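**Student:** Below are the chains, spelled out letter by letter.
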Amino acid sequence: MQKLLQLPVNAVNIVKSVQGVVQGQEEALSPVLTPDSSPQNWYSAVQPEELRHLRSGGMGGGGEGSEDRPGLEEGLTSVQSQPLRHDDLKEMLDSNKDSLKLEAMKRIVAMIARGKNTSDLFPAVVKNVACKNIEVKKLVYVYLVRYAEEQQDLALLSISTFQRGLKDPNQLIRASALRVLSSIRVTIIVPIMMLAIKEAASDMSPYVRKTAAHAIPKLHSLDPEQKDQLIEVIEKLLADKTTLVAGSVVMAFEEVCPDRIDLIHKNYRKLCNLLIDVEEWGQVVIINMLTRYARTQFLNPNINESLLEDSSEKAFYASDDEEDEDKKAEAAALVKRKPYVMDPDHRLLLRNTKPLLQSRNAAVVMAVAQLYFHLAPKAEVGIIAKALVRLMRSHSEVQYVVLQNVATMTIKRRGMFEPYLKSFYIRSTDPTQIKILKLEVLTNLANETNISTILREFQTYIKSMDKDFVAASIQAIGRCATNIGEVRDTCLNGLVQLLSNRDELVVAESVVVIKKLLQMQPEQHSDIIKHMAKLIDNIQVPMARASILWLIGEYCEHVPKIAPDVLRKMAKTFTNEEDIVKLQIINLAAKLYLTNSKQTKLLTQYVLNLAKYDQNYDIRDRARFIRQLIVPTDKSGALSKYAKKLFLALKPAPVLESPFKDRDHFQLGSLSHLLNAKAGGYQELPEWPESAPDPSVRNVEIPDWSKCTSRKDRKEKKLDKPFYSDSEGDSGPTESADSESDSGSGSESASASDESGSGSESEESGEETESEKEEEDEEKEKKRKKRLDKTKAKKPAEESAERCAIHTSYQINTIAPSGSIKMYELLHRITGEGLAVEYCFSRQPFSPDPNMVAVQIQFTNNTNSETKNLHIEEPRLQSGMRIREFAEIEVLAAGESVTVVMGIDFCDSTQAANFQLCTHTRKFFVSIQPPVGELMTPVFLTENDFKKEQGKLMGMNEISEKLTLGEKCVNEHVIVERVTATANLSRVPCGSDKECRFAGKTVSSGCLVLVTVTTKEGGRAQLTVNCEKMVIGTMLVKDIMQALSQ
Amino acid sequence: MIHSVFLISNAGDLFLEKHWKSVISRSICDYFFEAREKAVEPDNVPPVIRTPHHYLINIYREKIFFVSVIQTEVPPLFVIEFLHRVAETFQDYFGECSETTIKDNVVIVYELLEEMLDNGFPLATESNILKELIRPPTILRSMVNTITGSSNVGETLPTGQLSTIPWRRAGVKYTNNEAYFDVVEEIDAILDKSGTTVFAEIQGVIDACVKLSGMPDLTLSFMNPRLLDDVSFHPCVRYKRWESERVISFIPPDGNFQLMSYHISAQNLVAIPVYVKQNISFFETGSSGRLDITVGPKQTMGKTLECLVVTVHMPKVVLSANLSATQGTYNYDPVTKILVWDIGKLNPQKLPNLKGSLSLQSGAPKPEENPSLNIDLKIQQLAISGLKVNRLDVYGEKYKPFKGVKYVSKAGKFQVRT
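Sequence order for the protein chains is A and B. Counting along the first sequence from 1, when you hit position 209 you're at 209 in full-length UniProt numbering, and nothing is skipped either side. Counting along the second sequence from 1, when you hit position 332 you're at 332 in full-length UniProt numbering, and nothing is skipped either side.
Relax, there's no trap hidden among the hints.
Per label pair, the in silico range of CB-to-CB distance:
#1 A/993 x B/380: 42 to 48 angstroms
#2 A/661 x B/37: 27 to 33 angstroms
#3 A/576 x B/40: 29 to 35 angstroms
One side only, chain B facing chain A, incomplete, derived with CB under 7 angstroms:
#4 74
#5 78
#6 121
#7 231
#8 232
#9 245
Worth flagging that the hints you see were computed from the coordinates, not collected in a lab. Just so we're clear, the structure is a prediction, and the values are computed from it rather than from any experiment. Quick reminder that beta carbons are idealized off the backbone N, C-alpha and C, glycines included.
One chain only, chain A, in its complex shape (with noise of 0.2 angstroms):
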């Protein structure tokens, strides 16, 4: 009834604003609009009777409609000239009743998503901030941040409502409020909204202390003159232990001050634990944010090969600055008088966001994978490649940005996508921007061993209906020849067959490359000059005519009978031709007058004629600059004796580039990166400093045990720690049954959450939950220091770096710890002459060919002077073993060290690998035998897993030996660390604690081996091998047994 009785008032606007009227009720037939809305009857029953000639008033008079676009909205126009026409939408959120607001509000809400103007609303609206229903409240919050910014005044209504929200026991609408507080864009409640925020920041609930951490950066645009201030709260927030503050405070922390990395040092070592269980967006931005300050607080990793690599990649891309490179890498190893080694931070970092390579996010991977890129060693950069990769599946977009990003890599670190070359093969479906990128990707990755598959591919390439996709091919094409020596000539062939193709686009791609080409080596190419010399009469693309015509104005000594006749048929179609065209034109005459000037004078001296009256001023100053200088005339001046030199001098052959080479000095996976171009905002990534600062800095003080200790038992079983940041403990090899407790405090945590939904319980149970955590963190940490005692962590100098170092004692079954790997050595500092060369397997896979164990190799030049070329020749090997050297040390400097990795396949068998070892003076032969353990890799297998793989592997390769312990062997823990010295094997879980089990597989050939230690009362022990290759197995059994009885 109520509608019914408005009728009248709205009559009267209508005929007030006709045009108003006609738009709101198209307004409401809408789609968006009908479903649910009442008042549309209303609507439609006005329409029959009073509308329809207002509507064609309307239409005649006002005509503002017809300026949309069609495609648009219909009542796209701007509203502002519509007073009155929002008047059935304010009386419905003046009426009392919710579902009537709610209506107009949804209303009004569709109308900003498509653009329209609803200030004009802003009083009626902002009236409802209070309203009890939380949708209506809801939508006036969303209302209230579009339009706070042009209604300041209006806006200041709501503020006090607001502030109440702050107050509120209820943790979410304290959360909400300081949200749409903070995003109102008002500055005189700045003061107000510091105070918010700084409130907010010590707050119980994490929740809010992430809103207030969201409220930061919205703050510091409206008025960056509290930056100070904000700062003060960032630090603090900073200092939060919460997974759910870290990554918002991260991301203030790089819209706000960016550029403060002292905040970082004492959060980076909780910020690199709590990594993992971060909310994808937050990791993403902290570990943009690690990567750059690891940039500033860690040595280069590389270091000791970054001049090998510059050497190496000299010969591809030569370039002036590359020599600056090389000075630089050099004074920074004379700088170095120490081999390098990681600070153990460094290593936390890469620990911890690996995994995160196998996040779901497309972002994060990019994130983890520029991580490495930037800040690992070279021998570790490769497992990015893989996760790389995968991404390629993803949608087009992602694969765009990934491909951007790998093509850079591909220019630094070729090796690491070599493996994956096929998954850069191009479908014929590919939108061509990605084509034209894999493309530049393939080209990166060629080289000398895989050209020729490379080139069989770019051949199906170039058949493509995408003409801009062939023309990228055969540039590609003449890259790679011009990287790669030996197939120039192969690629230089199948160009030129491209030649007699029947479409001209390629044709002409094509004359353009092999001319850049021949311009490498243009003597021995006389017959294929002489062969484009005839396709001038066929083709008919201006820019390969102009090539062809340059190339043999250029080379025209190598053709000397041909170029006359090629001029004069020029000559004869002069007037028809392309402006580059008759420019090449007169250049070939004016060649060919220098050096053949008795056959082609007259034909010169027509061209120019006939240039002299072209329609085009260019040409013709070209020719009357030419006439000038190469024919003598009594008036022409010192110049034109030089002629012969101007034409004729020799011409720098181009260098073909990648249009990716260089681009890795911005942060890879970045928005500048992909355009080639600082954006706003965007933080260079720092060079590696020259010495590390300080790093204690990063070192936090540990809190006081004891003061806990009597409140630990009272509050045992109730644990809320980090989901999953924590359970490194569970993978380790004593613990896999814990599992079960992490499950539990999952559900813990959740039930606690679940309570504190409901008013004033809230704050008790964040306060709590707080502090249970600290409790559990503490208590974690004795249990780990306990066991590190246990384990007599090697040196007591690894204390300081207290945390990290646990994780390492963790790993103990993948990764040995540095400390304990053996050094064996190759040349003794005497009989080396002062060149001291150790060695040792470091267990980690050798990039390159997964079938080969790395070898670590360490030199030591203790002689005066330099050391230089040290290289292997003459490897003298079983049959069946094969080598992959390091690359050349070029100089090796008085008292340096250097260390470098080389792989050999050992084809399963414990014979040694000979070679030289040569310097620039002198050879040295040595050997290499690895200890069977060496020659295998671990591998990851369950306990079913394990026993099937042992039921098939009995009889002949199973070995089985009894043994006493040695007295040392106390425990489990002892053994499993002495098997995994001697052998390269990963611990398998096992339900019986009175077995250990191991397996692993050989290097080479990939049979599984499979250790079995059972223990026995009185020190006595069984040891049972299953191995394939039996001689493996019985050498495997005398090390081990070996390791165990002493």
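We have chain A already, so just place chain B on it with the hints.
**Tutor:** For chain B alone, coordinates are given in the frame of chain A:
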């Protein structure tokens, strides 16, 4: 970070805008329209467009461009990934993500966008949390809402945001507890003219539909986990357990979600389930060509191939096709130049064949390249990699749920060069 988002239909209709900071005029989209015009296909619009003061990062999905405006440095993948998440959320809420559904639910869409970003930084992107905040529309609920006047905004406050496992809502209750896992594998391959494999790999995903009460902790193990070359997980999966024991241990979100995806690379031999004998040729004279395609089973592990479809992108000069198929139907669209041959189930006794002539535009030179064939197929009850789920264990809850695993293999980007 993200300033604003505009939704633009393929036809160029800008139908929704949302701003998280100060309002940016929609005229910024003119730069986008310019780029859109330049790229002939919607696929070819560059994902990042530079304008004098802003950067536009866009994605194209379900015939809609999601264009975001940013002002300062931000990882482009961050924005792209977020926009895709938005599209997925719409799909989750409305069943499909299309211009019509978004226009029909414009208020919910707006509310969702409001919750997903705060000041341009992602706030709540987990579907479980969002559903607590804003209930998805259902026919029943919209009827009830119109009668009672109640709303679709959650009455309770979202507790999920507070928990350390934000992906699961609290207090889930079901009368029938069930957990289903679909192992879906796609074969990406390029075969060359002679049928040899140039490149092949398997991309698999495990989609889960878990409806379990309370806070269950699940462990999924495989018979042969070492098959998996490279994996990526939903955030609920514990990385460390996977690294050490190769089992998937997780507290699942409620409802449908993708548990993991994996990749089995070309190094392992990938079974190719189908072979194609083809002969497409164009004649030098007479502006015509011939086409003859036969499809047969190769390594199918004894299963039947279903939903077999062969798609050919013909060169532009092909005007029409006059073919006959021994099985299924074919259709040639002269506008898009796409020939689709829908075969259906493959009968190994009687191999399907498509044969006939193509007529070309008269006078035009014969096409250089033969078109490549794209193949689509499906094999039920088989994971082509041989991956097998061993068992699923439920910890933390007492009930015995119903558990089910289904395997399907499909052709992904499967291309035969000719």
